[in-house]
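Below, each chain spelled out in residue letters.
There are 2 protein chains.
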Amino acid sequence: MEATSWVGRSRRRIEGNEKVRGRTRFVGDLHLPGMLYARPILSPYAHAAIERVDATAAKRLPGVAAVFTADELGVRRLLAQREVNYAGEPVVLVVAADETTCHDAAELVEIQYRELPAVVDPLAALAAGAPVVGDPTLHQSDDAGAHGATASSTTDSEPRPANMPQRLRFRRGDVATAWNAADAVISAEFSVARVHQAYLEPQGCVAEPGDDGGVTIHASTQGQFFLRAEVAKTLGLPESLVRVVPMAVGGGFGGKIFLLEPLAAQAARLLGRPVRLCLDRIHDFLVAQPAPAARIALKLGATRDGTLLGIEADLLFDGGAASGSPVGIAAILLGSTYRAAHLHVVAAEALTHKTPNSAYRAPGAPQAYFALESALDMLARKLALDPLELRLRNAARQGDARADGRPWQRLGLVESLERMRASELWQRRKSARGRDEGYGLAVGGWPGGIEPAAAGCRIEGDGSLTIHVGSVDLTGTNTTFATIAAQTFGVDPARVRIVTSDTDRAPFSGMTGGSKITYTVGRAVDEAAADARRQLLALAADHLEANIDDLVLEDGRVFVRGNPSSGAEIGELARLGMEFGSPHPPLHGHARIANPESSPGFAVHLARVHVDRATGVVRPLEYLAVQDVGKAINPAEVEGQIHGGLTQGLGRALAEELIHDESGQLHGGSFLEYAMPHSGDLPPLRVELVEVPSTYGPYGAKGVGEPPAIPGAAAFANAVEDAAGVRITEVPLTAPRVLAALRGG
Amino acid sequence: MEATSWVGRSRRRIEGNEKVRGRTRFVGDLHLPGMLYARPILSPYAHAAIERVDATAAKRLPGVAAVFTADELGVRRLLAQREVNYAGEPVVLVVAADETTCHDAAELVEIQYRELPAVVDPLAALAAGAPVVGDPTLHQSDDAGAHGATASSTTDSEPRPANMPQRLRFRRGDVATAWNAADAVISAEFSVARVHQAYLEPQGCVAEPGDDGGVTIHASTQGQFFLRAEVAKTLGLPESLVRVVPMAVGGGFGGKIFLLEPLAAQAARLLGRPVRLCLDRIHDFLVAQPAPAARIALKLGATRDGTLLGIEADLLFDGGAASGSPVGIAAILLGSTYRAAHLHVVAAEALTHKTPNSAYRAPGAPQAYFALESALDMLARKLALDPLELRLRNAARQGDARADGRPWQRLGLVESLERMRASELWQRRKSARGRDEGYGLAVGGWPGGIEPAAAGCRIEGDGSLTIHVGSVDLTGTNTTFATIAAQTFGVDPARVRIVTSDTDRAPFSGMTGGSKITYTVGRAVDEAAADARRQLLALAADHLEANIDDLVLEDGRVFVRGNPSSGAEIGELARLGMEFGSPHPPLHGHARIANPESSPGFAVHLARVHVDRATGVVRPLEYLAVQDVGKAINPAEVEGQIHGGLTQGLGRALAEELIHDESGQLHGGSFLEYAMPHSGDLPPLRVELVEVPSTYGPYGAKGVGEPPAIPGAAAFANAVEDAAGVRITEVPLTAPRVLAALRGG
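Protein chains in written order, with the numbering used here: chain H, 1 to 745; chain C, 1 to 745.
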């Protein structure tokens with residue numbers, strides 16, 4: 001490593017300038033020659049039989065290229081077939097020369113439905129005699145895996161209700177023993193609302209048919225290889241016939257994985273022309289898949305000194321109309337963050353007639369930690385213990401068994417709690433509080449994910465580096481890659497360019513999600529840069545007739561130690577590998593890696609709030625996030641990530657909620673009504689970084705994206721109790737809900 | 001290697017179907033959002049001063065975006081500055097919203113020229129007092145190097161005329177000694193016409209400005225990395241700010257390297273919008289750079305038994321208005337194909353007021369071999385020796401010194417001559433001849449080229465391979481790569497896909513030219529596939545818990561020898577490297593190579609013709625090409641390459657000629673007048689492949705593109721003498737020229 005340390009020094013985002021100037025091209029900006037526009041017609045009913053579709057008039061409208069029903073697509077499950085299972089389910093796809101014609105044609109399609117009884121509440125869905133939701137063969141498996149969490153769990157073998165596609169159980173010791181031995185036992189039932197990922201750019205793609213029966217998909221996706229595999233599987237094509245071109249993503253947060261791409265792809269293949277399928281905001285709220293609501297019954301028991309003895313939990317996720325809720329990860333996190341000799345966690349999913357769910361930043365974790373961290377504060381209060389000390393006493397350490405029996409890797413929970421204890425805000429929590437103000441502490445953790453990755457590092461004739469990756473940059477990871485490559489190779493980061501390719505060309509990378517891109521692809525970049533450096537020095541040794549061990553790479557030149565004038569510029573050496581007649585091969589480093597273990601990341605948050613007793617409004621006053629990030633390669637970006645996570649946590653804590661009425665109709669499905677936090681709603685955000693290095697991440701880095709979005713709900717609920725003396729077990733903490741609690745409701 | 005041999009088995013071109021169906025997208029088919037159209041205004045004079053340019057009226061025309069003169073571009077030498085040096089030199093660039101407006105605006109630009117004396121004939125250009133051509137600092141160096149030939153020569157240090165930018169000299173022994181000892185000496189002066197590469201698709205590009213000051217160029221080019229370097233150099237940009245996207249090339253033959261791309265790029269950068277600059281056919285004939293005419297005075301002397309004693313040659317290439325003629329390669333080939341103790345070759349270039357030259361299939365070689373092979377026949381005739389035996393006696397062998405003193409690598413000239421001797425056509429040349437029919441034999445050779453190359457080989461989840469290269473496929477090289485990868489890896493070639501990337505993404509490759517892509521990139525593909533195979537077997541050994549040496553890859557599966565059911569499919573294993581949580585890295589092979597030496601390729605041609613004594617028309621009746629190709633990986637494609645070369649050689653021999661009048665005006669600059677051979681003009685073509693394996697080419701392959709285009713002119717001239725008794729030393733052998741010779745003119 002050179003004397004200059006780029007790692008750990010804040011750096012602006014590479015692509016920031018073009019984004020700020022509005023020059024970034026998103027999928028909606030794409031106009032391919034001969035491109036058609038597509039618009040789905042959505043079911044207005046949460047549950048209904050499709051009796052008849054009459055598209056005669058629509059097909060006659062000039063400019064209409066096709067009006068597809070499920071049967072006309074030649075591939076199953078791209079549209080609702082005989083039955084709709086949520087309001088918003090696509091039933092028909094209109095394809096026309098322009099968007100206006102799509103709208104007009106959609107008006108002309110007559111769909112006759114026979115409404116069926118809908119079940120909207122998950123508990124009602126599990127009751128005997130409830131209408132069965134969806135086609136059971138449609139039920140997907142837990143997709144938290146793909147998003148980044150490891151979940152080796154025990155699948156429950158007992159019979160399940162028809163609308164319960166999955167149930168898991170983790171057990172250790174015997175919780176009855178714990179309750180008997182405990183000096184204090186608390187139990188409560190918590191509930192977390194369904195929320196939207198609320199990205200700025202709605203879901204969309206443009207599909208372009210190939211001559212070979214294949215298809216190219218330009219998509220706003222977090223995972224091009226994942227999308228490729230899904231489209232291939234859905235359409236029954238070999239993967240090599242599907243090409244995904246990842247576009248700039250205008251916000252994903254877990255929600256941009258894949259949605260209507262197979263539908264657009266099949267329409268394009270049938271029509272032999274490019275098809276654009278970009279949802280408008282209203283359709284996006286109805287079709288795109290949000291984060292699931294959950295109910296969690298939780299019981300904790302501890303001795304007087306705060307030693308946690310038992311954890312008993314019953315989690316129920318509301319899956320909407322298809323299985324996919326992250327029950328495994330939620331159960332593991334709930335049962336593994338603190339040591340407890342006795343554990344019994346059951347986690348299940350219920351299907352209801354609502355839009356199915358997908359991932360949202362730390363899938364399952366905000367739900368689990370809202371319950372766990374609220375309950376810990378209740379326990380501390382009951383035992384009159386300091387809530388931070390209670391957590392510290394029980395916090396998991398490296399080697400402790402998780403709920404699933406696997407040992408924790410090295411984790412920085414204790415270090416983060418200690419840093420919080422030392423913080424100025426924590427220290428003054430008792431002295432500095434106005435009337436109706438309170439402080440709330442909460443922890444959140446994420447196990448981290450691993451996925452194989454590869455990367456390339458080409459040395460250019462101008463002395464710069466081109467890093468070649470297949471990962472989608474959502475959060476500044478490319479800027480981080482540039483820093484890693486610069487540090488490892490020994491050049492200024494400004495000399496490093498990151499190139500992301502499509503699935504035909506890119507080195508493999510997993511999906512951007514689960515806080516794993518820097519941890520996995522970053523390591524591949526690190527090793528590719530090291531490979532390129534070795535190649536450069538070997539060429540230089542040959543060219544300069546020097547011993548490789550005597551060579552120094554500094555200021556863009558390679559020279560013999562102590563004799564800077566002896567050397568050659570990087571670009572000059574690289575050009576030797578690109579010259580007619582040259583005996584030197586091109587300089588092009590590569591690496592392919594598979595980290596053998598994930599690296600968990602923990603955050604400890606502290607919120608200071610004011611509760612307006614008259615209106616129930618909870619106003620955040622200050623917020624401190626302490627987080628173990630392993631190593632902050634680009635501290636500005638790490639802090640930016642944490643700011644974003646805090647904001648989303650705050651939204652889930654105080655305001656955001658997708659509400660369905662009893663007939664399954666979504667209320668408030670637009671940004672006019674869906675209550676996201678605005679910048680004016682935010683308190684001053686303070687971030688303190690803890691650096692407990694990971695073993696396999698580049699320069700010790702670990703994932704930072706998920707943890708900051710987790711503790712918010714509990715931190716605010718705990719602060720509200722501290723401020724106003726009421727324990728609220730349901731988020732968001734909307735004013736009416738807080739007011740009701742204040743009034744004893 | 002598996003039992004199945006794909007190498008050596010004919011296979012259809014991968015991209016043939018889409019080309020035949022008209023689905024291939026060329027640069028002219030590209031329409032980018034906001035794209036502008038550009039059209040150059042060309043000088044009508046061969047030599048003139050530019051006195052004034054008035055674009056006022058043109059700029060006022062609605063739809064005109066810009067009218068650029070040289071001074072307005074901010075970069076030198078993109079347009080003629082103060083003086084034009086050939087008729088066709090771009091003086092002004094009009095940029096407008098559409099092509100019609102470009103035409104209209106061009107009409108409105110007033111350019112005032114002051115005509116200057118032009119020199120069109122190369123000998124006149126070298127005379128004292130001749131007008132000096134061009135800006136001497138514009139003179140490029142010999143670009144045959146880039147095209148593929150090696151030329152380590154002796155630059156002449158004697159003073160040169162102003163219009164002679166280069167002169168080389170090769171000397172061995174003392175030719176006077178040879179003439180004294182010789183039993184026969186012949187000498188003659190030969191002349192070869194200037195010809196166009198006559199690709200179907202005119203030159204063109206679309207340049208798209210970047211936000212960073214850089215530019216993306218979509219171009220019909222044979223060498224994307226070469227073009228990138230040239231554009232960067234011309235515009236003063238670092239290479240990493242220039243991205244070249246190689247489009248399908250509608251014929252190149254050496255002429256599609258780079259031309260107006262820097263001009264289009266600069267216009268796009270200045271206007272901040274994409275600019276399309278595609279020449280129409282008339283402009284292409286005037287602006288694009290053809291193959292140079294040459295005059296060669298040659299003297300040979302030999303003993304009675306046919307032992308060649310001396311070669312003396314004086315070559316003069318007509319460079320047009322800028323230096324760049326392949327004089328080095330011509331001189332080396334002329335002085336190295338046959339052994340001679342005494343040698344003196346001088347090769348020079350004269351500048352004239354005509355469009356500058358560029359490469360055309362085997363640059364310099366058709367000129368050199370027309371002289372050499374004509375002269376050898378004259379010598380054989382004088383000595384009453386069999387022309388084939390004369391060649392065999394003197395043919396260069398491995399280790400013989402070339403004119404430049406370097407030893408010949410392994411070459412198949414002798415083997416090819418022997419195969420010709422054994423051929424049916426050669427055997428019946430004396431018995432089977434009608435009236436006024438004759439046979440002409442000629443040899444052609446190409447030293448081969450080397451350039452570093454890299455390639456990738458990714459194993460897909462569906463068990464297929466993706467080969468990643470940076471070379472432009474002009475002649476079926478991608479199909480050959482698929483065969484190489486299939487053979488080396490052990491899968492069916494149908495399971496191999498070739499992906500070419502732009503300069504940002506591709507593994508480096510040299511320009512497609514000089515008969516070196518299969519020889520160099522092919523080897524990189526071979527090694528990348530071998531690397532991927534090793535990775536697959538290592539993963540399989542781990543996954544199957546087997547010893548790697550016991551594993552077999554067969555029928556798409558890896559299994560333990562003798563136990564096919566034990567194994568796993570390739571795709572299944574590859575997916576292990578792309579799975580969430582997997583301990584296996586992605587399977588992605590790479591190679592970067594630099595062949596240490598080139599591999600020369602030789603061809604021996606035999607033409608049978610009829611000469612119409614009344615009209616002078618030479619009608620080809622039969623044609624046999626024998627060629628050493630090292631190893632024909634895809635014999636159908638190798639034969640196709642040879643067919644194309646023969647046809648171009650026939651065109652140069654009998655018809656093609658770019659004619660300038662004494663004022664430097666091109667006559668016949670369109671496909672209506674430029675006489676290319678049509679399919680009906682072709683005799684039956686027979687090809688016999690000789691396989692003298694190369695040391696470094698994949699499976700022993702060597703370059704096959706250049707050699708077949710070389711011997712045609714001499715083969716036909718020799719056949720005409722055999723048929724009609726007249727020796728014609730000037731090609732093309734047009735009817736008037738032949739008639740004049742027959743009449744003793």
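Read the hints as simulated data drawn from the structure, not as lab findings. Keep in mind the model is a prediction, meaning the values are calculated, not measured. Check the hints yourself; a few may be wrong.
If chains are identical, the list can't say which one is meant, so a pair holds when it fits in one copy or spans any two.
As the list claims (entries may be wrong) - Restricting the straight-line Cα-Cα distance to at most 35 Å, the calculated cross-link-like pairs of lysine-lysine (DSBU-like) are:
1) Lys382 - Lys59
2) Lys59 - Lys19
3) Lys19 - Lys430
4) Lys382 - Lys430
5) Lys299 - Lys233
6) Lys382 - Lys631
Hints violated by the structure (numbers, ascending):
Hints 1, 3, 5, 6 are the ones this structure does not satisfy, whereas the remaining hints hold.
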